[in-house]
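Undergrad: Here's the letter readout for the chains.
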Amino acid sequence: MSAQEAQVSQAPAYEMALVRVEDVVKHFPIGTGLFGGQAVRAVDGVSFEVRSGETLGLVGESGCGKSTLGRVIAQLQPATAGHVFFRDTDLVRLHGEKLRRMRQQMQMIFQDPYASLNPRMTVGDIIGEPLQNFGIARGKERERRINEVMRTCGLNPNFIRRYPHEFSGGQRQRIGIARALVLNPTFIVADEPISALDVSIQAQIVNLLEDLQDRFKLTYLFIAHDLSVVRHLSDRVAVMYLGKIVEIADSKEIYLNPLHPYTKALLSSIPIPDPDLEAQREPILLKGEIPSPVNPPTGCRFHTRCPIAQFPKCSEEEPPLEEKAAGHRAACHFAGQL
Amino acid sequence: MVNKGETLGIVGESGCGKSVTALSVLRLIPEPGRIVSGHIWFKDRDVASYSREELREYRGNDVSMIFQDPMTSLNPVLRVGFQIKEAMVAHERFDNKTADERVVPMLQKVRISDPKERAKNYPHQFSGGMRQRAMIAMGLSNEPDLLIADEPTTALDVTVQAQIIELLRDLNRDMGTAVVLITHNLAVVASLCTRVIVMYAGRIVESGPTRQIFNSPQHPYTWSLLQSIPRIDSTQHDKLLTIAGLPPDLSNPPPGCLFHPRCRFRVDRCSKEEPPLEEVGPEQAARCWVLMKNALAGAEPVR
Numbered sequence: 010m011s012a013q014e015a016q017v018s019q020a021p022a023y024e025m026a027l028v029r030v031e032d033v034v035k036h037f038p039i040g041t042g043l044f045g046g047q048a049v050r051a052v053d054g055v056s057f058e059v060r061s062g063e064t065l066g067l068v069g070e071s072g073c074g075k076s077t078l079g080r081v082i083a084q085l086q087p088a089t090a091g092h093v094f095f096r097d098t099d100l101v102r103l104h105g106e107k108l109r110r111m112r113q114q115m116q117m118i119f120q121d122p123y124a125s126l127n128p129r130m131t132v133g134d135i136i137g138e139p140l141q142n143f144g145i146a147r148g149k150e151r152e153r154r155i156n157e158v159m160r161t162c163g164l165n166p167n168f169i170r171r172y173p174h175e176f177s178g179g180q181r182q183r184i185g186i187a188r189a190l191v192l193n194p195t196f197i198v199a200d201e202p203i204s205a206l207d208v209s210i211q212a213q214i215v216n217l218l219e220d221l222q223d224r225f226k227l228t229y230l231f232i233a234h235d236l237s238v239v240r241h242l243s244d245r246v247a248v249m250y251l252g253k254i255v256e257i258a259d260s261k262e263i264y265l266n267p268l269h270p271y272t273k274a275l276l277s278s279i280p281i282p283d284p285d286l287e288a289q290r291e292p293i294l295l296k297g298e299i300p301s302p303v304n305p306p307t308g309c310r311f312h313t314r315c316p317i318a319q320f321p322k323c324s325e326e327e328p329p330l331e332e333k334a335a336g337h338r339a340a341c342h343f344a345g346q347l
Numbered sequence: 006m007v008n009k010g011e012t013l014g015i016v017g018e019s020g021c022g023k024s025v026t027a028l029s030v031l032r033l034i035p036e037p038g039r040i041v042s043g044h045i046w047f048k049d050r051d052v053a054s055y056s057r058e059e060l061r062e063y064r065g066n067d068v069s070m071i072f073q074d075p076m077t078s079l080n081p082v083l084r085v086g087f088q089i090k091e092a093m094v095a096h097e098r099f100d101n102k103t104a105d106e107r108v109v110p111m112l113q114k115v116r117i118s119d120p121k122e123r124a125k126n127y128p129h130q131f132s133g134g135m136r137q138r139a140m141i142a143m144g145l146s147n148e149p150d151l152l153i154a155d156e157p158t159t160a161l162d163v164t165v166q167a168q169i170i171e172l173l174r175d176l177n178r179d180m181g182t183a184v185v186l187i188t189h190n191l192a193v194v195a196s197l198c199t200r201v202i203v204m205y206a207g208r209i210v211e212s213g214p215t216r217q218i219f220n221s222p223q224h225p226y227t228w229s230l231l232q233s234i235p236r237i238d239s240t241q242h243d244k245l246l247t248i249a250g251l252p253p254d255l256s257n258p259p260p261g262c263l264f265h266p267r268c269r270f271r272v273d274r275c276s277k278e279e280p281p282l283e284e285v286g287p288e289q290a291a292r293c294w295v296l297m298k299n300a301l302a303g304a305e306p307v308r
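From first to last, the protein sequence lines stand for chains E and U.
Numbering-wise (the working numbering), the first sequence opens with residue 10 and increments by one.
Numbering-wise (the working numbering), the second sequence opens with residue 6 and increments by one.
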């Protein structure tokens, strides 16, 4: 256990929910006329909480709705239904200036460090823009704050007048992190912040995110498809499948004792960089691929690919996300039986 | 060197030259790039000296290649079955009728369910994993001796990646096709390959049997790379080791060993002279003046 973990597990504040998500639904309507009324059900009724000071890892395959959920939580997209509480405020009900003020506390780091920085703005202006937006600092003070946050993120403050194209992918991601950090937020949604980077650079950014969390007592929602990185960074992990959370538990618990067959299959498909262990590993190969979220399967959404599905129960009855062990919730009729 | 029926992994970061190496094997280097020197031996003939006709025969028949993004490699307006047949007819290995008959069994071989109906589909009707399967079917349709797979699972989800790796492993075993797997993912190499080549900045820095490379890497780059990735099976929380800096700009490479500016074990000699790729163990070779066995023992490096 690292010093940081020991510290937070003693503090009662750890159990406090900073962000509480309740029955959040996000549908994207598609087509008109003949196909009118259909929707991509990207997030379809999701509830969980992010505790103060923790890193909650949100994992799942592409198209499972994890990025959409992250954006809804950060209020970059309005929820179709449900509530997102930040401390005691329901963000979904806030509008205009009140919502804008709340945004100071929650920032986002994006996946693609090439697309998320304006190529026509200097690094200083990119990082300083939030300060201007919220009228926090001007002139000398603004410059000082930008310098400080650049140094914190491992960027040379002498490069303040350079443009994004003059930086490598890893450095650009540092710029994105500096921009998120400049307002001193409490909560950061990081959407696949390292998956666009090279292997040797990924470790640099992972370590930076950890250091920043220690220093500034940040709470992270860390969205990723790379389960090895999520395991490394997260205190708790939530697994999504087709718009639903199928399992959520402490990071150690979920990796050692996955209860949902999807989690188990997902974990078993990850290769280990060790040929001796690889020779023994037997992945649970799932049939087919993730079904369309426009028309998700009835009952349990995973039943079409599940190796232990029993019919008709699994195809008719949707399993609720319920507590199967202390702090370990799973949505499966036959949890732990694979 | 790739042996008959073997699985070789080429690993390295983007821009290290692993894809260009593979394209060179097929003589597919885009203009103005060219093979400046060296030879590519296939069986016992030099591919670099092949005529146009010979190249046509060689590509696809002897060696074929699949790419990272199967959507851009398939023609969107032609049916998948037709494209697989076309690959066979173009090489005149099979006549029209035999080629037609081979399409469905090929799709079956790469485990596409309902292959007869699927052959009539267009690429957009396939999922990412199925497109990659179709590409593999096309690559194997002329029964080549060697299949080069350039990041075949990078664009795919982990559960689909596991399916494709399993498929490549079975095809290698059942058809005896040698596989060269190009990837940045060390874990995938550990899972599929018997031998590994590690590339850095256009050079081979280490090569050897997979088990040896992972258990006893000798080049500091290989060692650092292995230390810098989090592992799904780790039980304790250790800080990840980082490799400082960036890969060098290849139009202006550093003097001496190309890795020395980022290497934590460098000695004076590293910035002056480039080390040769030398044998460091049974079938294992590394390009380093220091070598990890000396660096980790804390002993004075050999000069």
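Keep in mind the hints are simulated off the structure, nothing from the lab.
Wrong hints could be hidden among the right ones.
What the hints assert, rightly or not - Simulated DEER-style distance windows between Cβ atoms:
1) L246/U to S204/E: 17 to 25 Å
2) R174/U to I39/E: 37 to 45 Å
3) R129/E to R50/U: 51 to 59 Å
4) L246/U to Q113/E: 29 to 37 Å
5) G38/U to Q113/E: 46 to 54 Å
Unchecked claim - One-sided and incomplete, this derived list gives chain E residues near chain U with beta-carbon spacing under 10 Å:
6) I210
7) V239
8) Y271
9) P284
10) R290
11) P292
12) I299
Here the structure is a predicted model, which is why all the values come from computation and not from measurement.
Ideal Cβ positions, reconstructed from N, Cα and C, are used throughout, including at glycine.
Undergrad: Would the stated hint for I299/E survive a check requiring a Cβ distance to chain U of less than 10 Å?
TA: 8 Å, holds
Undergrad: Holds or violated: 46 to 54 Å for the Cβ distance of G38/U and Q113/E?
TA: Given range 46 to 54 Å: holds, Cβ gap about 50 Å.
Undergrad: Interface hint check: R290/E, Cβ to nearest Cβ on chain U, cutoff 10 Å. Holds or violated?
TA: 8 Å, holds
Undergrad: Could you tell me whether the CB distance from L246/U to S204/E stays inside 17 to 25 Å?
TA: About 20 Å separates the Cβ atoms of L246/U and S204/E, which means 17 to 25 Å holds.
Undergrad: Less than 10 Å between beta-carbons is the criterion; does V239/E satisfy it with respect to chain U?
TA: Holds - the Cβ of V239/E comes within 10 Å of chain U, reaching about 9 Å at its closest.
Undergrad: For the pair R129/E and R50/U, does the Cβ-Cβ distance stay inside 51 to 59 Å?
TA: Hint holds: Cβ distance 54 Å, inside 51 to 59 Å.
Undergrad: Checking hints one by one. Is I210/E an interface residue toward chain U, by the C-beta closer than 10 Å rule?
TA: It holds, given that the least Cβ distance between I210/E and chain U is near 8 Å, below 10 Å.
Undergrad: So, as I understand it, the hint says Y271/E touches chain U; can you test that by seeing if any CB pair is closer than 10 Å?
TA: 9 Å, holds
Undergrad: With 10 Å as the cut and Cβ atoms as the points, is P292/E at the interface with chain U?
TA: At 5 Å from the nearest chain U Cβ, P292/E passes the 10 Å test, so the hint holds.
Undergrad: Given the hint of 37 to 45 Å, is the C-beta distance from R174/U to I39/E inside that range or not?
TA: Holds, at about 39 Å.
Undergrad: Would you say the C-beta atoms of L246/U and Q113/E sit inside 29 to 37 Å of each other?
TA: This hint holds: roughly 35 Å between Cβ atoms.
Undergrad: When the nearest CB of chain U is found for P284/E, is that gap smaller than 10 Å?
TA: 5 Å, holds
The structure fails none of the hints (numbered hints given earlier).
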